[in-house]
Amino acid sequence: MEKLDACLLEIQLRPLNQYYHLTQFPVRIGRALDNDIILSDPSISAYHLEIDKTEQGLVFRNLSKENGTRLNGKALQVASLELKQPISLKLGNRRTRLLATSMQVAQASVHQCRGLLKVFCRPWYAFTLAVLTTSVFLYEAYLQSIFNKELVYYLSSVMPYLMGMIALALLIAGMSRLASQRWEFSPALGLAAFCMLTPQLLGELGRVLNYFFTANWPLNGLLLLSNFLLIPLLVYAYIRLVHHAERWPAVGVALLFSAPLLVYQAMDLTDQWTIEHEFTGQADFNRNLSAWDLRLKPTLSIDEYFIETEK
Amino acid sequence: MLLLFGQSAVVQAVDRSSSLYAEVQQSIYQVRIINRKTGHKRTIGSGFVIERSNLLATNYHVVSAYTNDPTTYSIEYLATNGSVGTLELLDVDVLHDLAVLVADKELGRPLQTAELPAKGATLYAFGNPLGLGFSVVTGTNNGLLTESEDKNILFSGNLNSGMSGGPALNEAGAVVGVNVATAGNAVSFLVAVEYLQRLLEKIRTQQFQPASNLHESIVAQLKVNSSEMLNRLQTNPWMLESVGSFQVPSRIDTSINCWDGSETDEERGLVTVISVNCSNEREIYLDEKLSVGNMQYQYTWYAGEKMIAPRFYRMYELQNSDDTSSNATKENVTDFKCETNFVQIAKQNFKMSVCRRDYLRYKGLSDVLVTGAMVSQKQQGFLFELFLTGVDFKESMRLVKQLFENFQWKN
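Chains A and B are the protein sequences, given in the same order. Residue numbers for the first sequence follow the working numbering, beginning at 1 and rising by one. Residue numbers for the second sequence follow the working numbering, beginning at 1 and rising by one.
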């Protein structure tokens, strides 16, 4: 009785939950406007649940003939029990909890952005990464051309990438906004830039390593890793740092969002394996060339070379 | 006068071809490969009676389906009068695309052979083009292609498929060549009859019995030919030719033909591309999807002094892709096995790959692919590629080694 004023109904709404102090009993909850607590959820009946307080404790009475109520996961008609919080109550499809005001809340989520992850926390870093990514694409366009062109030609060839990067950033920021009710553009730009820059850099690194080892596995391995890990890792980092999600929920969301991509990559990989096992008639050897000529294999004389090939 | 003379010459030629046709039609047959499962013809060619009244000469490529799969196919003849019968294969010369068959009964009068008449002489090619009916094609002898490896006769007349294996006769009605191939537009080829005579000589020593192991004999012929070619190439005096800053052996045999493959500045922008492609342009027919005896090599020089090294190498790396085209299937050859190493040739370092794939049915023969890229210059590149089909790997390596030893760097 003395704890009546300490009772709290939590209506779970994203991004911020609603709380009602329960001070006067009985409390009737439903969609009708003459209820004590009005919940305008379409799955909730006009008069859905009544909570009363007796000597024995709280009495819960389901009034809904439609979607009903579940108390701590079980279908409810009438139940009377001691207040052991938190009590979970599901009214129709709406999750609520009955809490005591004395309940401890989790610590504030504070994330330390370190190293490359700063692009998710510091706008300046995100912007710098976006500029760097654009420059890399610009340099790539320059490397790939064999004609003398004006700078504007290279700029125009980079525009589609820039457009793609901004579009991706807006998409991420928009989705983020729906979930968090906040605009977080710069982390989204950082994520988009990361998404585009990493494969480019890994490709370059892979080619250098291919030449170094005179083999195709370094690039193939890096691409395989990046195809399967890059997006889930970036989404995970983003959810953790921007949305302050807990570790395991963040893993779940990261896997959920990258699932279509992962399935696509898996499909691609199985296709590749199938092709590799088929007869092609093509000679398969490492064809990379590098101006810096950094490699493990020594330079042989013609005689040594032919002794080697005879093997 | 001239006109009259010309007219009479044409009339004479027409007369001769019609009289020849009457003379030899009993000796000319259609040769057809029959699929035993359906009883229908799979491929058709022509043939003619030679040496004995029951022997028929034709092209190897006409009967190759049978030699490769005698359980599925059989060989039949069809006479000008419509009679048919079965044929048995006696022996073949795959190098010159010849085969000799024996019938179970007398076929007709054997044709005589004769030496090739003078260049410009009229020849009459007989056969059954596209299976439409026995025909005679009048054309001109343009002599032996002495520079090519197969030393065929260039015949200016319209041979068509189905005429393969038919005889090309001189004015007297004697065989001087066997129809074998066409390049279209009245550019056709005949096998010189002396190779048929050699094959018949061999068959005589076999007492006109089928060769004991035809497949082994074919493999042996291919090996001998490949060894002879590789040895000849190595003993020939080589001329060096400039390709960029390199001096390289170009036309190492008269059978090898080189073409310029350089690209214009318009196509190549800041890169100068100088390219030479050489080939012996030979295809020894083994089956629909397999031919051997080809040798091709290519030198390409890239210079990009106006580009920074990474930009030059980006282009250079893209060019380092072989475009060897071969119809060989997994039924015929293994996968390529490659070995890549770095080797110093003419003071420059090359990234050099040697690949081989071995023939499954023609044991001891391999396709050899050698590709190399110079990697010791920052703004200059040199690609070398050599592709040999149906050779002994070790022998081919000796040739490749000799090629490398003859490279020279001009600076």
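Please note: incorrect hints may appear among the correct ones.
[As the list claims (entries may be wrong)] Straight-line distance between alpha carbons at most 25 Å, and here's what the computed BS3-like set of lysine-lysine pairs gives:
#1 K202/B x K37/B
#2 K401/B x K311/A
#3 K297/A x K347/B
#4 K363/B x K311/A
#5 K347/B x K149/A
#6 K223/B x K297/A
#7 K394/B x K311/A
#8 K297/A x K337/B
#9 K378/B x K311/A
#10 K74/A x K90/A
#11 K363/B x K410/B
#12 K311/A x K289/B
#13 K297/A x K378/B
#14 K363/B x K297/A
Keep in mind that the hints were calculated from the coordinates and are not lab data.
Taking only the CA atoms, is the gap from K297/A to K378/B under or equal to 25 Å? holds (19 Å)
CA of K223/B to CA of K297/A, is that 25 Å or under? Since the Cα atoms of K223/B and K297/A sit roughly 35 Å apart, the hinted pair is violated (cutoff 25 Å).
With the threshold set at 25 Å, check whether the alpha-carbon distance from K401/B to K311/A stays at or below it. holds (15 Å)
Taking 25 Å as the top limit, are the C-alpha atoms of K378/B and K311/A close enough? violated (32 Å)
Next pair to validate is K74/A with K90/A; report whether the Cα-Cα distance is within 25 Å. holds (9 Å)
Just to be careful, I want the Cα atoms of K363/B and K311/A compared with a cutoff of 25 Å; is the pair within it? holds (19 Å)
For the pair supplied as a hint, K347/B and K149/A, is the alpha-carbon distance within the 25 Å limit? Roughly 35 Å between the alpha carbons, so the hint for K347/B and K149/A is violated.
Would you check the hint for K394/B and K311/A, treating anything up to 25 Å between C-alpha atoms as holding? holds (11 Å)
Measure nothing beyond the straight line between the CA atoms of K202/B and K37/B; if it is 25 Å or shorter, mark the hint as holding. Given pair K202/B, K37/B is violated - Cα atoms ~33 Å apart, limit 25 Å.
Given hint K410/B paired with K363/B - CA-CA distance at most 25 Å: violated (42 Å)
Quickly compare the C-alpha distance for K311/A and K289/B to 25 Å and report which way the hint goes. Roughly 30 Å between the alpha carbons, so the hint for K311/A and K289/B is violated.
So if I understand the rule, the pair passes when the alpha-carbon distance is 25 Å or less; does K363/B with K297/A pass? violated (33 Å)
The structure does not agree with the numbered hints 1, 5, 6, 9, 11, 12, 14 stated previously, though it agrees with the rest.
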